[in-house]
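Chemist: Each chain, written out:
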Amino acid sequence: MQFHKYDVVVVGAGGAGMRAAIEAGQRSRTAVLTKLYPTRSHTGAAQGGMCAALANVEEDNWEWHTFDTIKGGDYLVDQDAAEVMAKEAIDAVLDLEKMGLPFNRTPEGRIDQRRFGGHTRDHGKAPVRRSCYAADRTGHMILQTLYQNCIKHGVEFFNEFYVLDITMTPGSDGTQHCTGAVAYELATGEIHVFQAKSVIFATGGFGKVFKTTSNAHTLTGDGMGIIYRKGLPLEDMEFYQFHPTGLAGLGILISEAVRGEGGILRNADGERFMERYAPTIKDLAPRDIVARSMALEVLEGRGAGPNKDHVLLDVTHLGEDVLESKLPDITEFSRTYLGVEPLHEPVPVYPTAHYAMGGVPTNVDAEVLADNENTVPGLYAAGEVACVSVHGSNRLGTNSLLDINVFGRRAGIAAAEYANQHDFLELPEQPAKLVEGMVDHLRTAEGGERVANIRTALQETMDANASVYRTEETLKQALSDVQLLKERYGRIAVHDKGKRYNHDLLEAVELGFLLDLAEALVNSALARKESRGGHAREDYTTRDDTNFMRHSMQYKQLPEEEDPNAPLGLTGFRSDIRLEYKPVTVTRYQPMERKY
Amino acid sequence: MTAPTTNSTTADLPSDAPPVPEGATMVTVKIERYNPEVDDDLHWESYRIPALPSDRVLNLLHYIKWYIDGTLTFRRSCAHGVCGSDAMRINGVNRLACKVLMKDMFAKKGETTITVEPIKGLPVEKDLLVNMEPFFEAYRAIKPYLVATGNEPTRERIQSVAERERFDDTTKCILCAACTTSCPVYWSEGSYFGPAAIVNAHRFIFDSRDEAAEERLDILNDVDGVWRCRTTFNCTDACPRGIQVTKAIQEVKRALMFRRR
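Going down the list, the sequences are from chains Y and A. Heads up, the first sequence is in our numbering, so the first residue is 1 and it goes up one at a time. Heads up, the second sequence is in our numbering, so the first residue is 597 and it goes up one at a time.
Mixed in with the good hints, there may be bad ones.
No farther apart than 25 Å at their CA atoms in a straight line, the calculated lysine-lysine pairs in the BS3-like style are these [claimed, not checked]:
| # | chain 1 | residue 1 | chain 2 | residue 2 |
| --- | --- | --- | --- | --- |
| 1 | Y | Lys-98 | A | Lys-739 |
| 2 | Y | Lys-125 | Y | Lys-595 |
| 3 | A | Lys-849 | A | Lys-704 |
| 4 | A | Lys-739 | A | Lys-626 |
| 5 | Y | Lys-529 | Y | Lys-499 |
| 6 | A | Lys-626 | A | Lys-716 |
| 7 | A | Lys-843 | Y | Lys-326 |
| 8 | Y | Lys-433 | Y | Lys-499 |
| 9 | Y | Lys-529 | Y | Lys-582 |
| 10 | Y | Lys-152 | A | Lys-699 |
| 11 | A | Lys-626 | Y | Lys-497 |
| 12 | A | Lys-699 | Y | Lys-211 |
If you are wondering where the hints come from, they were derived from the structure by calculation, not from laboratory data. The structure presented is a predicted model; accordingly, all values stated were derived computationally and were not measured.
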């Protein structure tokens, strides 16, 4: 075991992690631990843009942006947080430009802006041009620019260090403080303990609980899982976003920017069906509405293709210039993966699991919440892993790239300031015990279950039972399936017994996190007997503000004593989740019916 | 071209592997393996597995890892060509495994064999996974970040559409190393910066907002800099992002000649 000591440890090197590292690194001694090389993170796959009311091309202001975000999230958004994000969006974009990000430009040389789903002028009157973009690789440019600036500022990276646990130490008042992180070095199999005054989690989402997803193989919710297993809450896990336009059958993302630039969704009859579902902003309605509309078209027999199982995204009228200059990557994805030439024929699309609105609850300073009121000193989270909540029950397009920049920055500053004002606390005895036990168990386990088969079964049940539309029956099915799979997980074997780059073991650990998070998602979805944003119940079709305008908070109940028969320690397969709720912060917008 | 039909037994596949899908063909994947924990040297191993025309080579590697040999090791993440993790040598050319479709790989006659090796010129750590450090070291050496002095403007810097267009192509780089490790000069002399580092230098040298072009040109004028390029175009062919790599290198060379005159 190796030991390290830093003021601030950042876990994850995607957009939020590197944005945090740039701030923390200039204020305190900072290390970034990442299971991937920094530029491999899924921020790089984000395409369309980052909204900010710059008003470079038409009238706009941050108050409209705040309203759109709250309405888009179906009033489950914490309104104080949405206001912070929309206000700071403007500087967040300008900061990136100053760091070197090559935004597309207007004829006057200013940052160009385009339309995006759910972003409107004056509280819903018409689509507004708010999204700042770099062709259709805005996320790629953000990731590259942040990495470049990490290099410029000499940020210290530990690449391919997979964090598996955090250490907690009681402070003088008895409160549990986060005092470090424990990582498994992929190259060597060695375990490293990083003592720190503050730890920032920026580990992204968990799209791999689903089969059809835009997410990377590596998005397995590690950070959420680690924190959840410490007995800390996860917020709003039932709200998972399905992006309307995944390449049919593959799930690869086709940006909403395609519709922002004028692309049109059509059913098998060639009808522009979004005119029926959202008469004012049509194809630019928020994602939950478009995804549901597409699913309905297919359910009602108007799907395209031999199996009538998808709809069509038509860009043939946009012309080669727009496709090549503003949407080149997407054009290429269609050509490469489906053999479809978007210039001449419509692209087959269907909703794909995309983004977790829920996650580790934080306040606007990215401090992690221990319950509805108190924070965990020394522990921070930002980006998709976190739930501030600025996205409520449905995130608007581009607000994730915004979230990682605004709250990544805030996390970096807050964590460094905390570190500069506090002393190191002692680590608990045997800080690496849990990780050592987990790794030893996996390396020596001789069970007959195969990781890939359990993972496939999990993804299939989640796609079938917990995706765009849900009912009590399907969710109960998913829950019992997941619980059965957790039992099987207790009997897995890892084929690779070596220490060097043991990705086989890595995938086994990741699956454990996925199972825990899938269970939490389904559990709170079952309890939420209403339809709101990304959570659509066929058996409870309306929003119920009286009973459910509140955030779910789920706690994993930890056993009093370690159960020697529970393999993998805390991943024991009993289902023992405590579900509570937290009020939504409402400042100036009372909930209204959500129409577009 | 239509895919050849299944013509051989699938009896060797593990009993708990997923059922062979309709339309799949048995293919042989021949992989260069090396695990220093157990192997003295590199060796080849072959696997006969089912493949659909819509499969990418990455799907085949996953099939082998998940159902036949869990020790097979390679990097991958996004699986659609934007993260740059899975550059490897497929049938002798550098490609991202997630961007090579099997429909383009089936043999016209007889059974299909696909060879997969790690990218060349970087130390092999295990199987298809190489040590990327020398590659990133060259990248860091060219100062891959915007350098601008003086007071920052209140709003954004102004850059015309044409100025922005000037370096558009080289902003696409995903640092996958496919170009650098396809370069014969890089294979023989690892001290050469390599195409990817030059591409990223180009991205800043031709950015109207940047002020460190001279510095970067000095770095690339070094004995291990752009003059090593022999214009073989391997890099351009290898780039999964379609960047005109050789052209970018030529533009850097011209900038150097122009400035020195």
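Chemist: For each hint, tell me whether it holds in the structure or not.
Modeler: Here is what the structure says about each hint:
no.: 1; hint: Y:Lys-98 x A:Lys-739; in the structure: holds (16 Å)
no.: 2; hint: Y:Lys-125 x Y:Lys-595; in the structure: holds (11 Å)
no.: 3; hint: A:Lys-849 x A:Lys-704; in the structure: violated (43 Å)
no.: 4; hint: A:Lys-739 x A:Lys-626; in the structure: violated (39 Å)
no.: 5; hint: Y:Lys-529 x Y:Lys-499; in the structure: violated (47 Å)
no.: 6; hint: A:Lys-626 x A:Lys-716; in the structure: holds (17 Å)
no.: 7; hint: A:Lys-843 x Y:Lys-326; in the structure: holds (22 Å)
no.: 8; hint: Y:Lys-433 x Y:Lys-499; in the structure: holds (18 Å)
no.: 9; hint: Y:Lys-529 x Y:Lys-582; in the structure: holds (16 Å)
no.: 10; hint: Y:Lys-152 x A:Lys-699; in the structure: violated (43 Å)
no.: 11; hint: A:Lys-626 x Y:Lys-497; in the structure: holds (23 Å)
no.: 12; hint: A:Lys-699 x Y:Lys-211; in the structure: holds (23 Å)
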